[in-house]
Amino acid sequence: MTPAKTAQVEKWQLRLYVNDQSPRSGIALANLKEFCETHLKGRYHIRVIDLRKHPKLAKGDQILAIPTVVRLLPKPVRVLIGNLSDTERALVGLDLRLAGKPE
Amino acid sequence: MKKSVVKRAPPVRQLPKCPTGIQGLDEITGGGLPRGRPTLVCGSAGCGKTLLAAEFLVRGAAMFGEPGVLMSFEETEGELKANVSSLGFDLDGLVRRKKILIDYVHLERSELQESGDYDLEGLFVRLGYAIDSIGAKRVVLDTLEALFACIPNEAILRAELRRLFRWLKDKGVTAVITAERGSGERGREQLTRHGLEEYVSDCVILLDHRVCDQIATRHLRVVKYRGALHGTNEFPFLIGETGISVLPITSLGLNHRISNERIATGIPRLDAMLGGRGFFRGSSILLTGTPGTGKTIVAANFAQAAALRGERVLFFSFEESPNQIVRNMQSIGLRLEPLLAKGLLRFHSARPSLYGLEMHLATMFKEIAAFKPHVVVIDPITSLMDAGTGSESKGMVTRLIDYLKAGQVTSLFTSLTQGGHALQQSEAAMSSLMDSWLLLQDYEGNGERNRVLYVLKARGMAHSNQIREFLISDQGIDLVDAYIGPSGVLTGSARVAQEDLERAAGLASQQEAAQLQRAVERKRAALERQIGGLREDYETEALELRRIAEQVGTQTRLLTTERAASGILRQADAKVVAGPRAARARPGRPRVK
Numbered sequence: 026m027t028p029a030k031t032a033q034v035e036k037w038q039l040r041l042y043v044n045d046q047s048p049r050s051g052i053a054l055a056n057l058k059e060f061c062e063t064h065l066k067g068r069y070h071i072r073v074i075d076l077r078k079h080p081k082l083a084k085g086d087q088i089l090a091i092p093t094v095v096r097l098l099p100k101p102v103r104v105l106i107g108n109l110s111d112t113e114r115a116l117v118g119l120d121l122r123l124a125g126k127p128e
Numbered sequence: 050m051k052k053s054v055v056k057r058a059p060p061v062r063q064l065p066k067c068p069t070g071i072q073g074l075d076e077i078t079g080g081g082l083p084r085g086r087p088t089l090v091c092g093s094a095g096c097g098k099t100l101l102a103a104e105f106l107v108r109g110a111a112m113f114g115e116p117g118v119l120m121s122f123e124e125t126e127g128e129l130k131a132n133v134s135s136l137g138f139d140l141d142g143l144v145r146r147k148k149i150l151i152d153y154v155h156l157e158r159s160e161l162q163e164s165g166d167y168d169l170e171g172l173f174v175r176l177g178y179a180i181d182s183i184g185a186k187r188v189v190l191d192t193l194e195a196l197f198a199c200i201p202n203e204a205i206l207r208a209e210l211r212r213l214f215r216w217l218k219d220k221g222v223t224a225v226i227t228a229e230r231g232s233g234e235r236g237r238e239q240l241t242r243h244g245l246e247e248y249v250s251d252c253v254i255l256l257d258h259r260v261c262d263q264i265a266t267r268h269l270r271v272v273k274y275r276g277a278l279h280g281t282n283e284f285p286f287l288i289g290e291t292g293i294s295v296l297p298i299t300s301l302g303l304n305h306r307i308s309n310e311r312i313a314t315g316i317p318r319l320d321a322m323l324g325g326r327g328f329f330r331g332s333s334i335l336l337t338g339t340p341g342t343g344k345t346i347v348a349a350n351f352a353q354a355a356a357l358r359g360e361r362v363l364f365f366s367f368e369e370s371p372n373q374i375v376r377n378m379q380s381i382g383l384r385l386e387p388l389l390a391k392g393l394l395r396f397h398s399a400r401p402s403l404y405g406l407e408m409h410l411a412t413m414f415k416e417i418a419a420f421k422p423h424v425v426v427i428d429p430i431t432s433l434m435d436a437g438t439g440s441e442s443k444g445m446v447t448r449l450i451d452y453l454k455a456g457q458v459t460s461l462f463t464s465l466t467q468g469g470h471a472l473q474q475s476e477a478a479m480s481s482l483m484d485s486w487l488l489l490q491d492y493e494g495n496g497e498r499n500r501v502l503y504v505l506k507a508r509g510m511a512h513s514n515q516i517r518e519f520l521i522s523d524q525g526i527d528l529v530d531a532y533i534g535p536s537g538v539l540t541g542s543a544r545v546a547q548e549d550l551e552r553a554a555g556l557a558s559q560q561e562a563a564q565l566q567r568a569v570e571r572k573r574a575a576l577e578r579q580i581g582g583l584r585e586d587y588e589t590e591a592l593e594l595r596r597i598a599e600q601v602g603t604q605t606r607l608l609t610t611e612r613a614a615s616g617i618l619r620q621a622d623a624k625v626v627a628g629p630r631a632a633r634a635r636p637g638r639p640r641v642k
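Quick mapping for you: the protein sequence lines, in order, are chains A and B.
Counting in this note's numbering, the first sequence runs from 26 upward without gaps.
Counting in this note's numbering, the second sequence runs from 50 upward without gaps.
Simulated from the structure, these hints should not be mistaken for lab results.
Relax, there's no trap hidden among the hints.
Using 25 Å as the maximum straight-line C-alpha spacing, the simulated DMTMM-like pairs for lysine to aspartate or glutamate come out as follows:
no., chain 1, residue 1, chain 2, residue 2
1, A, K81, B, E128
2, A, K100, A, D120
3, A, K84, B, D166
4, A, K78, B, D152
5, A, K84, B, D219
6, A, K84, B, E126
7, A, K84, B, E124
8, A, K84, B, E123
9, A, K84, B, E157
10, A, K81, B, D219
So that you can see chain B by itself, here it is in the shape it has in the complex:
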């Protein structure tokens, strides 16, 4: 500890910090607890004080090479080891390697009598010996307030506590002191039951296990951190398999690896709507819909398609049992059973009300870590969110999405809405976290309900803006172009009727056209006939004319020869004009023209 005192010597602007190694806590506190100073962790029973303190020690010893002393006033060494090892810490091993020393202080009020003046030098000696024997840099006192129950003289105790904290600072150890939350009327103002906060003034962390709407969630808040910036909000935290995990939403990173690979949805028409190739791998997909619009079916299709490609699929179901899903999907031609048997598909079913949100998330993290799926389906996310309240649920979902994205896991969330467009807006909060958003909707009309699907958003890809009718048959899902006419979108039988109507109209106009064509044909034929007749007339007339002309010619010739002959006979010398006479002699036919 002397070393750390030396380390503190150079004047730095930022207080030296002692990293806890606890997921999220270091981010909130800007690097950890104040080094070389005591920190008070207070909270009511069962909110994880001891665990936080123990994790601080264990991680310090395992990750930062800082040995620690755990002085316990409540739990024996054996109990502590058992409790902590259930959370994945090898406390036993650390104790054996002298990285951690557990000192159980046995306190029994009934065995203790007092007479006259005394001090708690025994505790100091004991703690000092423990610190020196392993060269501890971290100390946990859990919970110091147990002393109040067994030391009869509170005045002495308080004086000694003040001395203890001073002494801890002088030792240069980073200490965590746990204390029970004060209750009763003064509970609001008092952080600890016995007012320990007045001695520990450098850093105070308040833990809280609150029940809201019958759902318990743990919260952590840094009430005070002298000389350092810190997150002041209340942060939900969960106690999982790997210890405490505080979830500061604000510190979520946005630097996941991303993939350009696309994965098919299992519904070819839907792939076509999504630029022809489906979703991006590692993206998050939200599928919203009113009850009975086929969310689970789309999800199951997606799961099946992925499993058929040989990917592992983890299906979290919060409404149906695995067997029920398998049976129901069989009715539309999805065979999930062989995939289950092959181990490519795994179901995890739990009632949302089974436990609180944090616990759900912890189990989900655990399942995901164990199964290492490529695709995760959560059906539906809304019932999971009901397990928490408002913003904290959103925070948890953010965390989940973040976790999945970091692992390149494609996630599909179904979300139940209660119908109506206004609800799209309420989903907006969650949808902003999602990369793609499909909407399934019911269209009511003509005494029937029909399902339609459209793509509300799909980040990073060209996608269809069209509404498709969503058909579920025993062969599976099909998407059909919905009829969009002047009277709006028509679906189902209305669409079929409209199509029939159009087909009939088409047929009628076809027939009409044929009729018209025939009439024209006829007219043309008649005209041609007429033309033929006229031409015949003309030709006959022309023939007649030629004949007459010939006749006239012949007659004239004859007449001329005749006249010439008679002239010769009469010795006439005058020229004879045959023309007009001949014409007058033969009156022509009446002209048709």
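Bound conformation, chain A alone:
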């Protein structure tokens, strides 16, 4: 599959919007890191944004829920909300399965 191929080449760009005060955000970051280590080792970059510190970004990136993971690359953009505790849905939501298969 072509998206998978390109995904192999380019680095995954992920953004995690959190609220540092909320324990949910910590869980989300831990979960996300775990998925990436499993499926995308070395091919990902996660940027964590504390929305409380950067409230402007809530509008710019159209963030409603916290925590939210946005997959900027590879295209298309994907948005996943929640603390990623539902692994199955998280992997489907981010298309990590496909990306991870070749490994």
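Given the coordinates of chain A, assemble chain B onto it according to the supplied hints.
Leaving out everything else, chain B in the frame of chain A:
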């Protein structure tokens, strides 16, 4: 917002209100929405929720100096600006001056996946940031229910909404939340599709766009207003050029300036019936009549007279096109064309069924505001009222009259009735709003119909109680005294016949009198002749008597002298009595006496 929290602190009996600036709404709610609390505005699609909310913000920013945030879940900033500016709000300018902040929340269910637990802190952060960045006192969330379509977990959403309203109250902002009306079997009980009313419990306003007899009218009702008195009725409202206008009939003021100036009707005899000087300026006149009684003609006369005085006249016609009116009026000698050309007369024609009553009124208000007429003619008001239903039409008409009166505009309404006296009563509802009421009626009889006019009422002036016959000729209108005789009112040819009859009778009695006079004359002449004859007789007799007397005298003298002579001769000494002998000797004529 902190300020408003402080403001709320002193314990006042009345809840602090936040004026909306929306025409009529503040009157219903007794001053506005509850300050520092959320208000729910619900209604079905297309009934003006977004507009009401937007107007609340815009007026707040422009009139009360309270900046506002509009968070839209449905329309983008550009769309909103376009929609609102079409109603005369300069949203763009307010946004530029940082009085209003529009935040469009883009929601796309298909792009969103969920996994595990989350909250809507992003929305809070976003809204909080927007509020703080311009110091907003007002917030609109339009429509929050869009969240239900994109947040998959309803349990989380509901919990977060509850938290949101709590948070809004804590922020001290006055919020308006719009929501779609719940539909289906539960629609009656449920105000909103997703039951938002259970979170917003301070004030609920229900908007409704109802179609009745194929005519759509918008209504507004304050379902709930915790801790405050409010109008509980359903009030019609309209969306016009200047935004929303709620029409609470009960709050109409009755304190217009009034004028003592009188204006002529264009029909001299009618002026004479109205105390000789016509109607008061700024009064409202109702002209009722059955079909074909000449309502439009009277109205056109009135319009022409006003325009000839140099006043601007706005003629709303709901039955005829302007050209048709001009042509028809030409046939009775009214020349409206030059007045049209001079711009003193303007027609506005529209089919009543073209749009709903509220829209008609909105366009009429707009036309009146633009043209600033001195006189407004509405021909006929009844077809306009057909565009609405029952009481709401009356309310709208009240509003219209009120509007015109406030502007010192003299208004003439024609009203079509279907004949019969009972209908006068059905007009009574509207007539109570009118200052003067003329009635045009048909009298049928002798195989013809004739028009009559009378003044049913004319507030503040002496007016004739007489029925006048109303004649329309190619020279225009004339009013003639109707013949009122023992057999009732006679009009038309019956009146003419009666007049002829009277004239003939008059002539006959005149002739008779002349004849009688001649006879008397003759009698007098005869009598005089007779008297003359008698006097002649008398005189002849008197003459005769004198003559006889003289004769007797002479004879006696003669006799005496004769006797004396013979006595001398006979030496007689006895006295001779001449009288009786003489009388016996000459027997008199037979006496006539």
